[in-house]
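Model the full structure from these sequences, guided by the hints.
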Amino acid sequence: MMSMTPEIEFCGVSKRFGTGPLVLDGLDLKVAPGEFISVIGPSGCGKTTFLRIAAGLSQPSGGEIRFGTRTDGARPELAFIFQEATLLPWRTVLGNIELPLRLRGERRARRRKTAERLAAEVGLGAAGDFHPRQLSGGMKMRVSLARALSLSPDVLLLDEPFGALDAITRNRLNEDLLALHRREGWSAFFVTHSVTEAVFLADRILVLAAEPARVETIIPVDLPRDRTLALRESDEFHDAVAEATRRMHNILAR
Amino acid sequence: MMSMTPEIEFCGVSKRFGTGPLVLDGLDLKVAPGEFISVIGPSGCGKTTFLRIAAGLSQPSGGEIRFGTRTDGARPELAFIFQEATLLPWRTVLGNIELPLRLRGERRARRRKTAERLAAEVGLGAAGDFHPRQLSGGMKMRVSLARALSLSPDVLLLDEPFGALDAITRNRLNEDLLALHRREGWSAFFVTHSVTEAVFLADRILVLAAEPARVETIIPVDLPRDRTLALRESDEFHDAVAEATRRMHNILAR
Amino acid sequence: GKAGDGPAEPTPDNPFRVVLQTDWFAQPEHGGFYQALEKGYYREAGLDVEILEGGPNAMSVQKVLSRRAHFAMNRADTVMTFAKRDMPVVMVMATLQHDPQGILLHADDPAQTVEDLDGRRVMAVPGLAWIAYVERKYGITLDIIPHDFGMDRFLADPRFIQQCLVTNEPYYMEKHGAEVRVLRLSETGFNPYHGIYCRKDFAEARPDIVQRFVDASIRGWTDFIEGDPAPAFAAIAARNPKMTPGFMAYARDRLVEDRLVTGFPERGEAVGRLDPERMRALRDELHALGILEERTPLASFFTGEFLRRDGERPR
Amino acid sequence: MNFPVTYREYIAWPLIFGAGLIALWYAVKHAFALPAYTLPAPHEVLAALRDERGVLARAAFATAKGSLTGFSAAVGLGFALSLLIAAFRILRIGLYPYVIFMQMVPIIATAAIIVTWLDAGLPSVAAIAFLIGFFPVVASTVAGLHSVPTKQVELFRLYKARPWQELFLLRVPSSLPYFFTGAKIAATLAVIGSVTGEIFAGSTARGGGLGFMILIYKSSVNTPGIFAATLLCCILGFLFVGTVLLLKRMLLRKWHDSLDTDFNPL
Amino acid sequence: MNFPVTYREYIAWPLIFGAGLIALWYAVKHAFALPAYTLPAPHEVLAALRDERGVLARAAFATAKGSLTGFSAAVGLGFALSLLIAAFRILRIGLYPYVIFMQMVPIIATAAIIVTWLDAGLPSVAAIAFLIGFFPVVASTVAGLHSVPTKQVELFRLYKARPWQELFLLRVPSSLPYFFTGAKIAATLAVIGSVTGEIFAGSTARGGGLGFMILIYKSSVNTPGIFAATLLCCILGFLFVGTVLLLKRMLLRKWHDSLDTDFNPL
Ligand SMILES: Nc1ncnc2c1ncn2[C@@H]1O[C@H](COP(=O)(O)OP(=O)(O)OP(=O)(O)O)[C@@H](O)[C@H]1O
Ligand SMILES: Nc1ncnc2c1ncn2[C@@H]1O[C@H](COP(=O)(O)OP(=O)(O)OP(=O)(O)O)[C@@H](O)[C@H]1O
Ligand SMILES: [Mg+2]
Ligand SMILES: [Mg+2]
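Chains A, B, C, D and E are the protein sequences, given in the same order. For the first sequence, this note's numbering puts the final residue at 254, and the numbers step up evenly by one. For the second sequence, this note's numbering puts the final residue at 254, and the numbers step up evenly by one. For the third sequence, this note's numbering puts the final residue at 315, and the numbers step up evenly by one. For the fourth sequence, this note's numbering puts the final residue at 266, and the numbers step up evenly by one. For the fifth sequence, this note's numbering puts the final residue at 266, and the numbers step up evenly by one.
Check before you lean on any hint, since a few could be wrong.
Claimed, not checked - Each computed DSS-like pair below joins lysine-lysine, with the alpha-carbon atoms no more than 25 Å apart:
#	chain 1	residue 1	chain 2	residue 2
1	E	Lys65	E	Lys151
2	E	Lys254	B	Lys113
3	A	Lys113	D	Lys29
4	D	Lys151	E	Lys151
5	D	Lys29	C	Lys175
6	E	Lys29	B	Lys113
Claimed, not checked - Part of the chain B face toward chain E, derived, beta carbon under 7 Å:
#	residue
7	Leu78
8	Pro89
9	Leu103
Rather than coming from a laboratory, the hints here were simulated on the basis of the structure. Model, not experiment: these values are computed from the prediction. Think of the CB as a built atom: it goes at the ideal place given N, C-alpha and C, for glycine as much as any other residue.
Structure representation (structure tokens):
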């Protein structure tokens with residue numbers, strides 16, 4: 001699987017909507033295969049925009065993105081968890097989770113089994129036949145997460161997937177995500193508002209500022225890759241969070 | 001203003017959707033005028049359902065809700081911030097914020113002024129003429145918040161209003177909310193997943209468990225009502241949070 | 001079904017299938033054909049005839065041209081227009097020697113002649129030759145409104161005027177208590193034959209079939225006018241539920257008394273007869289009035305080939 | 001607006017309004033002293049219905065056949081064409097204008113062409129009924145296929161859905177509320193279309209329908225008969241509309257997010 | 001499907017398809033050796049258009065007047081009735097069935113009544129055009145007024161919006177995409193409606209429109225003339241549809257969340 005995961009390079013990517021102000025201004029970033037990047041920054045600074053550009057859903061106004069050494073122009077397999085759970089209202093929970101497999105032409109029985117496993121993993125084992133309008137906000141986001149995991153993507157783009165979840169569920173899913181990452185080796189961009197979460201998950205943290213858009217910083221996280229919830233109680237971890245928080249405040253207060 | 005704010009009493013309120021399991025089971029709660037209640041609990045436990053019942057958007061399957069000594073059956077003035085920002089796509093940011101005033105028949109110039117003030121307060125001063133589809137997720141929630149504050153409600157129902165916001169914005173808005181609460185004296189139900197936030201804002205914390213639905217607990221917060229961000233650095237506060245966390249885990253782990 | 005080829009030598013047991021498209025729902029004005037059908041004259045002639053009913057938008061010429069019907073009905077002036085449009089059809093026999101069309105007025109209407117209709121509103125089928133004919137010949141203008149093939153507006157409005165068949169509308173009007181008057185178009189000079197036409201190539205390829213059809217039809221018409229019309233009436237009533245015995249008797253009486261079918265023998269008219277001189281005169285007059293742009297040759301729309309000169313009825 | 005509605009109300013109100021309309025009908029008739037040949041009274045219409053029940057039943061059956069054929073074709077082909085238009089941008093830009101163009105050809109002009117190509121009778125009648133109902137289905141369905149929320153389309157593109165998957169798994173279900181609106185319009189037009197067809201292209205040898213009967217009644221000044229035939233047209237049309245609404249309810253009730261779905265049977 | 005589209009394509013593709021259709025027209029004509037009276041060639045239609053330009057221009061003007069009046073009335077009154085139906089539950093339950101019922105009355109039956117009351121000429125023609133376009137507007141708009149997301153309705157109820165506020169500030173803007181679909185259908189039907197009106201209620205004195213001319217050409221078997229008049233009907237209809245689409249674009253472009261809005265002018 002890992003063989004497919006490419007290096008990703010952002011070269012001077014900038015973005016402006018219409019005649020509005022710059023949202024991104026000459027962003028440069030090189031992401032190694034399998035690297036986990038957390039993205040953090042104030043509301044409206046351009047995190048979603050950055051993810052959308054990475055996914056090719058939005059064209060940069062300047063600069064470009066390169067995926068590994070591919071010259072065929074093909075994008076790697078992507079999974080995107082939108083900030084607002086985008087479920088198809090006419091499909092049940094299982095139907096929504098298995099959608100990517102359906103689109104790939106997976107056989108019915110197999111994709112149903114995968115969907116059931118994933119639903120159980122995100123704690124929706126009992127809600128498999130609900131329609132989206134019967135779900136709570138957090139449940140919808142979890143369906144959206146399960147859907148993204150149903151494929152084995154090369155790159156995972158997560159836009160605040162856990163914002164609407166309680167601490168316990170959130171912690172469990174954080175751990176699951178890390179385990180999956182170790183196993184499958186995709187690269188990830190993970191937008192969050194929690195510094196703790198950002199530090200816990202990431203190899204590096206990308207900090208975006210709103211105005212001016214040009215300011216962005218990378219904070220490396222110097223923690224072993226093998227992380228469990230136990231790590232969060234360690235001094236090492238607390239120091240890393242404190243350090244990241246300090247640097248972030250410096251950037252965002254400029 | 002405060003004169004209107006009623007006592008609210010939930011008497012054995014329970015809720016079941018169709019033939020599904022009980023979501024709320026005999027909830028009893030008496031809320032004093034001007035009291036601030038945080039609501040916390042795992043995803044899908046019934047927090048939104050509880051708020052909707054309090055607002056009269058959903059009928060309880062059993063039990064009833066009483067508002068003060070009113071016998072005219074009229075509900076007090078309510079503002080509800082939905083978990084998903086519910087903006088009218090054809091109205092601009094200002095147009096959405098001023099909607100409740102518009103519905104009240106406020107004059108154009110006055111409501112525009114109020115809307116502009118509120119937009120600035122939630123950090124959207126520059127985005128007043130944007131349409132919802134041009135906003136980021138967090139910006140939408142902030143519009144929704146400003147809209148709720150545009151009236152002077154008797155009861156404020158907030159369903160995870162700050163889940164999609166960064167720490168800095170969130171802290172600022174927390175403070176603003178407390179100041180407003182002191183000034184206007186409404187009662188509030190505030191759903192959040194952050195224990196810190198819950199403790200910081202509330203007089204009491206209502207903890208809901210998912211299964212069985214019958215389990216719910218009230219954790220009182222013994223902090224002075226006059227709170228500022230400085231409080232959050234105090235030992236007193238840290239102790240309160242630790243205590244609440246401990247009790248919550250006990251409840252939710254049962 | 002498509003009107004296809006049939007046996008070369010049709011017999012009653014191996015008949016040639018023929019489709020006749022009439023111009024309206026089954027009514028006594030088609031009596032002769034139903035009579036021939038019911039009394040087996042067609043069958044005797046080796047023809048298996050199907051009569052298709054028409055209506056206000058029958059589009060019969062389309063059916064003849066697309067070979068979905070062998071024969072259809074129309075007025076001579078319209079058949080001339082067909083010729084002008086290069087439609088290869090020819091009239092092979094007459095059904096009515098005189099035009100039964102008229103203008104229906106209330107009895108107390110001030111208009112006494114066609115000239116008096118100048119500027120009046122008349123419900124008629126727009127674009128029919130008679131309208132231009134009377135307008136130009138008498139120097140008048142009519143305000144034509146489209147015919148809705150109903151009579152309720154006439155009944156409701158004492159100044160209403162509409163195009164009619166003398167054999168038809170007056171009966172219903174009088175039944176509803178209206179006193180009516182008819183200005184016959186034939187009295188204005190507009191007096192085309194009503195007749196049967198078919199594709200030219202069919203008349204050339206199978207003159208025997210056309211001849212058999214013409215002969216049997218004339219036999220049917222003669223019997224309908226002179227004999228007992230009951231068989232035709234029964235067939236008509238079966239197809240058109242509104243045909244009451246009273247009405248059918250009335251219509252047939254008009255056909256008989258006004259000699260619409262038989263014509264006046266003293267002028268050389270007879271059942272089925274088409275007189276080339278009358279055809280030529282009509283064409284020339286329509287041309288003179290600018291209704292026909294060119295003097296279409298007679299042969300392009302009419303043939304007397306199937307009619308005996310003396311108008312004798314066939315044996 | 002949001003209190004629960006008992007089913008009894010769905011019976012009661014239409015009856016009350018129906019009674020009101022019939023009263024109005026009598027009132028107009030008497031106020032203007034209208035004779036039966038201009039405006040027959042309701043009971044005269046019912047009498048005509050009774051007197052002519054044999055003929056009218058046969059005619060209604062013939063019209064039902066024409067309408068059903070035309071309606072099915074309009075819905076089926078209309079839906080199919082909408083899919084093509086939604087699937088192929090070139091068709092959308094290049095062909096759709098001509099589809100709209102065609103729709104604006106008056107029936108009287110098309111009837112002539114149809115009769116030239118098709119046999120008079122049921123085929124022609126059904127063809128005209130089809131032509132009348134076709135465009136509302138296409139216009140509504142195309143609008144629906146194009147009203148898919150952006151986010152959902154992006155989701156499908158991210159997952160590299162093939163165009164036909166985007167069409168059938170996303171656009172089609174998403175467009176159903178629009179489609180049913182079009183189908184409802186087509187259903188009300190089906191009977192009108194069939195009647196118009198009978199008037200312009202009917203041949204009567206094979207059992208004329210209600211349109212044919214209206215012409216016959218008209219040419220014998222039987223206005224109550226016209227009204228009776230018209231009443232049957234309406235009832236027939238109602239059956240079509242009812243079927244469409246039932247289908248809509250069955251398919252959309254589970255997921256369509258509209259507060260009023262439950263309260264709005266029509 | 002999502003690459004940007006140059007405006008040139010919006011000119012080019014219709015022209016290419018138009019050329020294709022004309023080629024097909026000639027091909028059919030030659031393949032079946034169809035004479036002018038069955039299917040005139042495009043150039044024969046143009047010749048008829050030139051020969052009859054005076055009469056046809058006057059007729060087109062008359063039809064335009066009838067269509068415009070009928071169309072405006074259909075959109076205006078249709079919208080108004082939809083509002084009433086959406087606002088008053090009683091009307092929705094009690095009256096709406098009869099509105100649908102009315103819609104199913106064949107034109108031939110209504111035409112007789114209309115002509116009796118309004119007399120032949122423009123008023124009757126416009127009334128018939130109105131009747132034909134009315135229902136699509138009502139059906140679509142009512143569907144739109146009822147497809148408001150639940151959450152938004154709840155928001156209004158929380159803020160104690162009065163019913164008319166819910167109607168005008170929420171349901172109306174929310175229903176616009178549906179309304180415009182209905183208006184588009186009505187626009188394509190406007191000219192057909194007017195032509196049908198002229199067939200039943202035209203008058204030479206009041207400059208009978210294109211429908212009347214079609215009747216005249218029909219009587220004199222002038223098929224190229226029929227086609228020429230028909231062509232004018234289509235062009236006229238296109239102007240109506242174009243106006244509706246322009247209006248829709250202006251009103252919805254800013255906020256309607258549909259990826260294709262920009263690419264789909266129709
Ligand atoms: N309309 C409905 N029909 C059926 N079940 C429903 C409906 N709405 C909510 N539920 C169920 O009720 C339960 C509670 O939902 P609710 O939205 O109150 O959760 P919540 O506590 O707000 O969760 P979250 O934190 O994820 O928003 C869920 O299990 C959900 O599936
Ligand atoms: N379609 C658009 N048109 C115009 N401006 C837009 C559009 N989409 C986004 N923007 C603007 O771009 C900026 C960045 O938006 P983005 O959604 O990337 O923010 P974000 O960092 O994801 O914020 P949040 O944390 O609130 O989700 C915002 O100021 C927003 O107003
Ligand atoms: Mg975002
Ligand atoms: Mg919730």
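For each hint, the structure was consulted:
A C-alpha spacing of about 44 Å is found between Lys65/E and Lys151/E, which places the hinted pair above 25 Å, so the restraint is violated. Simply put, Lys254/E and Lys113/B have alpha-carbon atoms about 24 Å apart, close enough for the 25 Å limit, and the pair holds. Using a Cα cut-off of 25 Å, the hinted pair Lys113/A and Lys29/D is violated, with the two alpha carbons roughly 70 Å apart. With a C-alpha separation of about 19 Å, the suggested pairing of Lys151/D with Lys151/E holds against the 25 Å cut-off.
Between the alpha carbons of Lys29/D and Lys175/C the distance comes to roughly 22 Å, so the proposed pair stays at or under 25 Å and holds. The hinted pair formed by Lys29/E and Lys113/B fails the criterion: a straight-line CA distance of about 70 Å is larger than 25 Å. Using the Cβ-Cβ criterion of 7 Å, the hint placing Leu78/B at the interface with chain E is satisfied: the shortest such distance is roughly 6 Å. The beta carbon of Pro89/B is positioned within 7 Å of a beta carbon in chain E (closest approach about 5 Å), and the interface hint is therefore held.
Interface restraint check for Leu103/B: the shortest CB-CB distance to chain E comes to about 5 Å, inside 7 Å, so the restraint holds.
Of the numbered hints listed earlier, those contradicted by the structure are 1, 3 and 6.
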